[in-house]
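Using the hints provided, position chain B relative to the given structure of chain A.
Chain by chain, the residues run as shown.
Protein chains: 2
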Amino acid sequence: MRASSTGEIDADRLWSRLSELAEIGKSEGGGVTRLSFTEEEWAAKDLVASYMREAGLAVREDAAGNLIGRREGRVEDAPVVLTGSHVDSVRNGGDFDGPLGALGAVEALQTMDERGVETERPVEVVAFTDEEGARFSFGMIGSRATAGTLTPEHLANEDENGVSIAEAMRASGLDPGRIDEVARAPGSVYAYVELHIEQGRILESKNLPVGVVTGIAGPAWLRFTLAGEAAHAGTTPMNLRRDALAAAAEVIGRIEREAARTGTSVGTVGQLDLSPGGINIVPGQVSFSLDLRDIDEDVRDDVEARIMHEAALLCEKRDVELETKTLQRLPPAPCSALVQDAAREACETLGFEPFGLASGAGHDGMHLTELCPIGMIFVRSKDGLSHNPAEYSSKDDCTAGAEVLYRTLLKLAGET
Amino acid sequence: MRASSTGEIDADRLWSRLSELAEIGKSEGGGVTRLSFTEEEWAAKDLVASYMREAGLAVREDAAGNLIGRREGRVEDAPVVLTGSHVDSVRNGGDFDGPLGALGAVEALQTMDERGVETERPVEVVAFTDEEGARFSFGMIGSRATAGTLTPEHLANEDENGVSIAEAMRASGLDPGRIDEVARAPGSVYAYVELHIEQGRILESKNLPVGVVTGIAGPAWLRFTLAGEAAHAGTTPMNLRRDALAAAAEVIGRIEREAARTGTSVGTVGQLDLSPGGINIVPGQVSFSLDLRDIDEDVRDDVEARIMHEAALLCEKRDVELETKTLQRLPPAPCSALVQDAAREACETLGFEPFGLASGAGHDGMHLTELCPIGMIFVRSKDGLSHNPAEYSSKDDCTAGAEVLYRTLLKLAGET
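Those protein sequences? They're chains A and B, same order as listed. Under our numbering, think of the first position of the first sequence as 1, with each following residue one higher. Under our numbering, think of the first position of the second sequence as 1, with each following residue one higher.
This is chain A alone, in the form it adopts within the complex (with noise of 0.2 Å):
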């Protein structure tokens, strides 16, 4: 694997943050949460900006609870080379989605400072606000401010208990009137390049540690509403019914079946809820989320419509109601040759293989892509496993990719 004598990281400490970092909203059963603008991820970033401090970077916070390290570079008023990730998490995730990128960042920083590397552009590491979207069901809210794309509509959206986004920010000290200020504006931004673990099984089968990321598939969320009608569970014949759950069973079939065709493609229900909620009555209405994805555009939202058209004549047949609201809708993301060709040198550099691969998990990068040019490097993980608290990276895996995460610094921000 890679040669010893090119480690410059300091493989221990970044390890001892990731753990340090993984306690913070950890659960008995080892899942961690934590929620935009909750305790928890402002106990996350408080403990990176710490970080940040030992490794020398001038820290901020913006608008929309962005943290910031900047490391100044020679020229004066260059564009800035970005890198960093998140520190939200799903409910009960695991240990390295996000906080991998933002540590592995800091580290990447922290060696430059320790090595007296000089720099032409400066370089700053961001923790962005919620990537996940666990709370709001709308997620990337920092990476949209900082591109310029989040509108007051998106801070309308609401967490379970009825909180908007713009509630929350304001229950966390910030001013949702301010987040225009976030938006950097365009040119000042050279690159952004993010590590992160694959969350899939690609680089396993290859056996290899990390890989450069070619693109990001799109996501479409969607909500479906199906109202059929309650009714007592003794006493309305099967064929009298119009039962929402049997209906949306249904559908949720349909979408698995549409989804597996293309071979690319994934459909996921990951929300539902129905009511009355009765173990004697036939569910009057149920709601259900999906999560549809694929690197082609065109390919995904033939999926989507054959989703639609299927549904629509399931539920027709059944007299249920069916409603669906699109929730986001993001084109894939292709990363571009700037920070793909640094990886991969990087990659070269270190005796890795320079390996491409698409990313079916959405991230910050696909909302800076009108901003600046954007890459990802990926780490293999686990199992493929990702989003569950089993989640993990070795500590030479995640060595490996904040290696060449630093390489594909010191060459995008020009090491002089």
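Any given hint might turn out to be false.
Said to hold, decoys possible - Stretch-level coverage of chain A by chain B, calculated; a stretch enters the list once three of its residues show a Cβ under 8 Å from a Cβ in chain B: (1) 86-95; (2) 359-365; (3) 393-400.
If you are wondering where the hints come from, they were derived from the structure by calculation, not from laboratory data. Computed from a prediction, not measured in an experiment: that's the story for all the values here. C-beta: ideal position from N, C-alpha, C; glycine also.
Below, chain B alone, put in the same frame as chain A:
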């Protein structure tokens, strides 16, 4: 319809009491929610107690919270004729399910009182605690206690907040340790007869206001728990998933098909919970309820066995672990010739066709079959709707039902 000359009960009073009781636990949307051992169920019992006193009954409450109003008979120590129903409701239920039987019984006894009727046997009106089981997914608490079949294990059933039946009783000032005192002695009850809405469409389709129940379908209540693996919605290919919800959806489809196949069985999945519940996470665990009923126990058990068999195969194919737990399992309960004959004779006297029909819904009487002969009188339900705010029986039909009950009670109690 009925000859007006035979009308003896006070139709206006009954209807006005039904309307008054319907206000307790009513939501803005028109549905009523009166869960057991809550303020709402107690308020409903208090109101019925006030009507009992107006009817000249001696009012008491037993250790299960059953409300009882007694009218003495001529013969000392004669076995009692029991009548009544319940005043709890499902969540967002209707105005008639339960209250018609409790208030119809009070009306019948008040009519006896006002007409100076004497009976050989005493008659007691009972408003049983928690028939529906909406709070604890375990119902007919008061009638089980009356039959002496309520066990400490039953009292350990918990509501969605983890409060057990025993705890809820204590919070209401009842001593669960005294539950045995509620049981009626063998031979102490002459018969039980209950007036209730049909909650189905049979009487409506026959254009009949009332019917005589021949038997009560036996419900089996089960809980299915499916354990797959939570995973990232974007990076886990469809063919590598162990999606607990996709598996549950398929099982729900089979439940519907197997129940429908018989023409008489009904199978309902009324509750479903999943975890972790993120829009971008493949569900790792799903739990859902099954309410399965048939008039014929063999048919029901055969449907259950087929469902179990298919569910096991489907889950095995998906590498999803399946656990099932039986929450309760009641045999169908035939109605006694004693009560059916008395009710048929009452129908004939009043000019109604003595039409016999089975009950798809469960009722308190099911639990009293070991204690005494049981029977029921059904009243036509508009559109067959029940467990639904639109549940409705006309004033004329409710009146007809109370008249039949009045005459049935005279017969059973031995008018002298």
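Taking a Cβ-to-Cβ distance below 8 Å as contact, does the region 86-95 of chain A have at least three residues touching chain B?
-> Per the Cβ count (3), the hint holds.
Inset, instruction - Test coverage of the region 393-400 of chain A by chain B using CB-CB distances below 8 Å; three residues minimum. - result: Result for this restraint: violated, n = 0.
Against chain B, does the region 359-365 of chain A show at least 3 residues with beta-carbon separation below 8 Å?
holds (count 4)
Of the hints listed earlier, the one the structure fails to meet is number 3.
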